[in-house]
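Kindly generate the complete structure, drawing on both the sequences and the hints.
Note that numbering that gives the first Met the number 0 numbers the sequence shown so that position 205 is 204, with each residue one more than the last.
Treat the hints as calculated values from the structure; they're not laboratory data. Among these hints, one or two may not hold up.
Derived CB-CB ranges, DEER-like [to be verified]:
{"id": "1", "residue 1": "Arg189", "residue 2": "Gln249", "range": "56 to 62 Å"}
{"id": "2", "residue 1": "Thr112", "residue 2": "Arg271", "range": "51 to 57 Å"}
{"id": "3", "residue 1": "Ser134", "residue 2": "Ala161", "range": "43 to 49 Å"}
{"id": "4", "residue 1": "Gln249", "residue 2": "Ala405", "range": "18 to 24 Å"}
Every residue, glycine too, gets a C-beta built ideally from N, C-alpha and C.
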Amino acid sequence: MQDSLGLMQFHDHHQYLYSNSSSSNLSLPQPFLPLEPNEHCAGDDDVPEFDVEQPAAPDLGACKEVFSDEERTAAMEEAHGVRMMALLMECAAAMSVGNLADANAAMLELSQTASPYAASCGERLVAYFADAMASRLTRSWIGLASPPPPFPPPCAAASINAAFRALHNVAPFARLAYLASNHAILDAFRGERHVHVVDLDAVPGGALQWLSLLPALAARPGGPPRSIRVTGFGAASASSSSELRDAGSQLAALARKLCVSFEFCDGGGGVRRRAGEAVAVHWHRHAMYDGDGEAMRMVRWLEPKVVTLVEPEMAASGGGEGRFIERFVSALHHYSAVFDAMGAARPDGEDASRHLAEHGVFGREIANVLAGDVGGGGGSLREELERNGFVRAGGGGGRAQMVAGACPAGVGYTVAGDHDGTVRLGWKGTPLYAVSAWTWCPSPHGRTGLI
0 MQDSLGLMQF
10 HDHHQYLYSN
20 SSSSNLSLPQ
30 PFLPLEPNEH
40 CAGDDDVPEF
50 DVEQPAAPDL
60 GACKEVFSDE
70 ERTAAMEEAH
80 GVRMMALLME
90 CAAAMSVGNL
100 ADANAAMLEL
110 SQTASPYAAS
120 CGERLVAYFA
130 DAMASRLTRS
140 WIGLASPPPP
150 FPPPCAAASI
160 NAAFRALHNV
170 APFARLAYLA
180 SNHAILDAFR
190 GERHVHVVDL
200 DAVPGGALQW
210 LSLLPALAAR
220 PGGPPRSIRV
230 TGFGAASASS
240 SSELRDAGSQ
250 LAALARKLCV
260 SFEFCDGGGG
270 VRRRAGEAVA
280 VHWHRHAMYD
290 GDGEAMRMVR
300 WLEPKVVTLV
310 EPEMAASGGG
320 EGRFIERFVS
330 ALHHYSAVFD
340 AMGAARPDGE
350 DASRHLAEHG
360 VFGREIANVL
370 AGDVGGGGGS
380 LREELERNGF
390 VRAGGGGGRA
400 QMVAGACPAG
410 VGYTVAGDHD
420 GTVRLGWKGT
430 PLYAVSAWTW
440 CPSPHGRTGL
450 I
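Set out below in structure tokens:
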């Protein structure tokens, strides 16, 4: 581990925060927080004055301090951001109690002031939240309350893949999650001669994760496995199948260079178990679409040696209008830190890759979280795994330190290792994503076949 790796307490005495930044005292971000009820917000009729006459000092007479143009611009931008956030909160509060008229009035003003192309991280965040709430408001006007579709439309799979690849290049969260997951999979496959990885949602990012796992398996002590299989699942569409085929081709080409036996299977045809094969399941839960479905039943049937789970850190809340405000506040807290991190990684207001990631990944997620229970209201899958007989695989402390060593230094990304083995990826101390590893005690009656 690098000498610069700092160790400090995080959350409680069981949990520690690892950081590669030059300072270990990272303050919690408060980039876009709503006003308290007794705070005052400058509106159209209450513009703050910037030429302020200071109180007279003893024996020195009166003096006047005039802000520079840069300070004046910064103050105006801050007032604009506060006003947008206040409008966003007003709209959410009105929507939560069914006051559609007031929600619509706030939404109309927001639509004219917030842009997803703005240089300000806060304004881009507000724009995506406003767009998501406008869609919800429209459905409320016409009496619809349908959740997001279980899968994206056929034309969307390719754009999701491209957006996720852009996110992979802009911010390190996906790369760090891959690193932690692959580390747990390698531990589970130690000494196994026939291995099988089942990716429950292989479309976002395609083969990016497994392109780094194959070389690690090929170079492991004792030699590579005799056979390596990867089964990838995607949305039920032709575009998704095409993306899976492309991922399989990339992995097969790499396997030939590494001289390892490899097979890629499209999960659309089912998952086949083979006797003597060690199985790992990778489950990346996101809110781009609802892909959970019957996945838990299949995971239990596979009886894997390890399940690696990646999911966003957002407080769970039930569905319905009464719980909408809780889901809204939780999502706003989460994505404000995410957009702050994205802005720090790519500060250029016209960065095309950052915009593609924000629009194609986070914009879609925000819309789905506010629309229903996808990714933000159904509870943590960690709890569901526990209810279905899975236990923690352990080893999280070593993974956390390894992942922390791969963090960009001096930026603000943080890695925390919980006492239960969960690795939390965050921004300036705010946890954003959790990576956990689970194991299932196999039944003594092994099964083969197709599900």
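Each hint tested on the structure:
no.: 1; hint: Arg189 with Gln249: 56 to 62 Å; in the structure: violated (26 Å)
no.: 2; hint: Thr112 with Arg271: 51 to 57 Å; in the structure: holds (55 Å)
no.: 3; hint: Ser134 with Ala161: 43 to 49 Å; in the structure: violated (22 Å)
no.: 4; hint: Gln249 with Ala405: 18 to 24 Å; in the structure: holds (22 Å)
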